[in-house]
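The primary structure of each chain is shown beneath.
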Amino acid sequence: MHRRLVLILLCALPLVAAAHGPSRQKVERDIKIDAPAAKVWALIADFCSIGQWHPGVVKCEGTGGNEVGAKRVLFIGKADGPKIEEELQMYDAAKMTYKYRITKTDVTVLPVTTYASFLSVLDNGDGTSTASWKGGFYRSWGKNNPPPEQNDEAARKAVIGTYEAGLANLKKLAEQ
Amino acid sequence: MTRAGAARGVAALLALLGGAPLAAAPRAYVTNQGADSVTVIDLADRRVLATVAVGRHPAGVAAGSSTGDYAYVSNPDGNSLSVIDLRRARAIAEIPTGASPLGLAADPLRPRLYVANWYDQRVEIVDRDARKVVGAFAVGRIPAGLAVSRDGAWLAVANRDDHAVQLLSLPDGAQSARIAVGRRPFGVTLSEDGRLLFTANVKSDDVSIVALQARREIARVRVGDAPYASIHDAKRNLLFVTNQQSGSVSVVDVGAARELLRIPVGDYPEGIDYSPSLDRVYVASWFDNALYAIDPERLAVEAQIPCGDGSRAFGDFIRE
Chain X
1 MHRRLVLILL CALPLVAAAH GPSRQKVERD IKIDAPAAKV WALIADFCSI GQWHPGVVKC
61 EGTGGNEVGA KRVLFIGKAD GPKIEEELQM YDAAKMTYKY RITKTDVTVL PVTTYASFLS
121 VLDNGDGTST ASWKGGFYRS WGKNNPPPEQ NDEAARKAVI GTYEAGLANL KKLAEQ
Chain Y
1 MTRAGAARGV AALLALLGGA PLAAAPRAYV TNQGADSVTV IDLADRRVLA TVAVGRHPAG
61 VAAGSSTGDY AYVSNPDGNS LSVIDLRRAR AIAEIPTGAS PLGLAADPLR PRLYVANWYD
121 QRVEIVDRDA RKVVGAFAVG RIPAGLAVSR DGAWLAVANR DDHAVQLLSL PDGAQSARIA
181 VGRRPFGVTL SEDGRLLFTA NVKSDDVSIV ALQARREIAR VRVGDAPYAS IHDAKRNLLF
241 VTNQQSGSVS VVDVGAAREL LRIPVGDYPE GIDYSPSLDR VYVASWFDNA LYAIDPERLA
301 VEAQIPCGDG SRAFGDFIRE
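Protein sequence lines correspond, in order, to chains X and Y.
If you use the working numbering, the first sequence corresponds to residues 1 to 176, in order.
If you use the working numbering, the second sequence corresponds to residues 1 to 320, in order.
Calculated from the structure, these hints are not laboratory results.
Some hints here could point you the wrong way.
The calculated DSSO-like cross-link candidates involving lysine-lysine, where the alpha carbons are at most 27 Å apart (straight line), are [what the hints assert, rightly or not]:
| id | chain 1 | residue 1 | chain 2 | residue 2 |
| --- | --- | --- | --- | --- |
| 1 | X | Lys71 | X | Lys26 |
| 2 | X | Lys78 | X | Lys157 |
| 3 | X | Lys134 | Y | Lys203 |
| 4 | X | Lys172 | X | Lys32 |
| 5 | X | Lys95 | X | Lys39 |
| 6 | Y | Lys203 | X | Lys104 |
| 7 | Y | Lys203 | X | Lys83 |
| 8 | X | Lys26 | X | Lys143 |
| 9 | X | Lys39 | X | Lys172 |
| 10 | X | Lys95 | X | Lys32 |
| 11 | X | Lys134 | X | Lys59 |
| 12 | X | Lys104 | X | Lys157 |
| 13 | X | Lys172 | X | Lys78 |
| 14 | X | Lys83 | X | Lys71 |
| 15 | X | Lys26 | Y | Lys203 |
| 16 | X | Lys95 | X | Lys71 |
| 17 | X | Lys95 | X | Lys26 |
| 18 | X | Lys143 | Y | Lys203 |
| 19 | Y | Lys132 | X | Lys143 |
| 20 | X | Lys71 | Y | Lys203 |
Facing chain X, from chain Y, some residues (calculated, C-beta under 7 Å) [to be verified]:
| id | residue |
| --- | --- |
| 21 | His57 |
| 22 | Pro76 |
| 23 | Asp77 |
| 24 | Ala99 |
| 25 | Tyr119 |
| 26 | Gln245 |
| 27 | Tyr268 |
Quick reminder that beta carbons are idealized off the backbone N, C-alpha and C, glycines included.
My request is simple: use the sequences and hints to build the entire structure.
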């Protein structure tokens, strides 16, 4: 009986890993920065510079520069901390924007799947700028009835925290 | 006020008083997943007529001519369908369903809806008159998009995690056939003549063209990143495909089985439909909360109409 149950569970695993809930989540955050757009863009333009401007990312290891398909690995919280792997999908220096996706996450820090986001700088035309971060993703839990640490709310909370902390620090660095 | 303006004012007043114009222009019913609502759009005027409150996180929609005086939307997080009275532009009932209803299709012959239960390997049968689930078909893993043939002879189910389309004979599903397609098929649509079936394959970044008579895939056409759904323009034999991750619509020459170009639209384009009377393709952009109108002759975006948060419109969302 027990063996049978284990077998059923094992069979169910690949399905769980492949699926996600049907409701994609959206998070968008903007911050007005009292610094020229070019200065803000210079801080984030390098795909792997996130290790310098995001307070939650202690280290970034990247390959491929700023070419589409470039990869980076983020170490969260500490040098041997949880890792998040990401890939550059679109890069437009003239428009000061890029898009990337998460290829592998650690659900303990970011319980999401099929995540992609845009990071952009907008010139307000008066010497100030607006930095914007917007992402679309699903919760990491692929079945019905997710545990609280992997439900839609937990996924949103983790992404909102990431964006707000990152943008606040970017503003601080740019206005120095 | 100009004469045209005055006429519009009178029309709006009549609409407010509950008298919908008899010769109604085509309308779009766009599900707004983040706003728990449906935006009703007059497509000729490109004007929002109403915002209808529905169930939780609406995604799928069946508003084509076979649903009569009503349109239906699926609420995956509410485990229900909302019934919208088209004349009153109001949700008048909610039908409980199984877990996570997403894909939705209406039967052109019978007063039925088919509802894909994302988690349960099931497609439920809803009686539109009784407004309740009356049965279910067992299907493959993660059923996503649904389509019913024009003659009502069979139902196509995109079983996303089986990488296949399942054909079920109607009314009872007595016969079932499986056709292998690309990786993770999501939206499934038919050509106008009913001879071809198309799936948008999210994982393999392509569309499968399936010959229904032969019941096999005859071509696979590479498109943009993470294709979601498609619509066939019979006049030009073109397939328009939404690419979620590219923010574009691919235009595929069906006869030549190749992609002609990509038209940039808003981010995360999802639901797509065609209005024969206006000869326009309409695309809902989930991230930009808008409906884009594409001219299939010039192959360019012509207008953008604001919708509610997270516009998805997965299914037949246009009523001629």
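Margin query: Under the constraints set out in the numbered hints, which ones does this structure not fulfil?
Written below: Going through the list in order, the structure violates no hint and respects every one.
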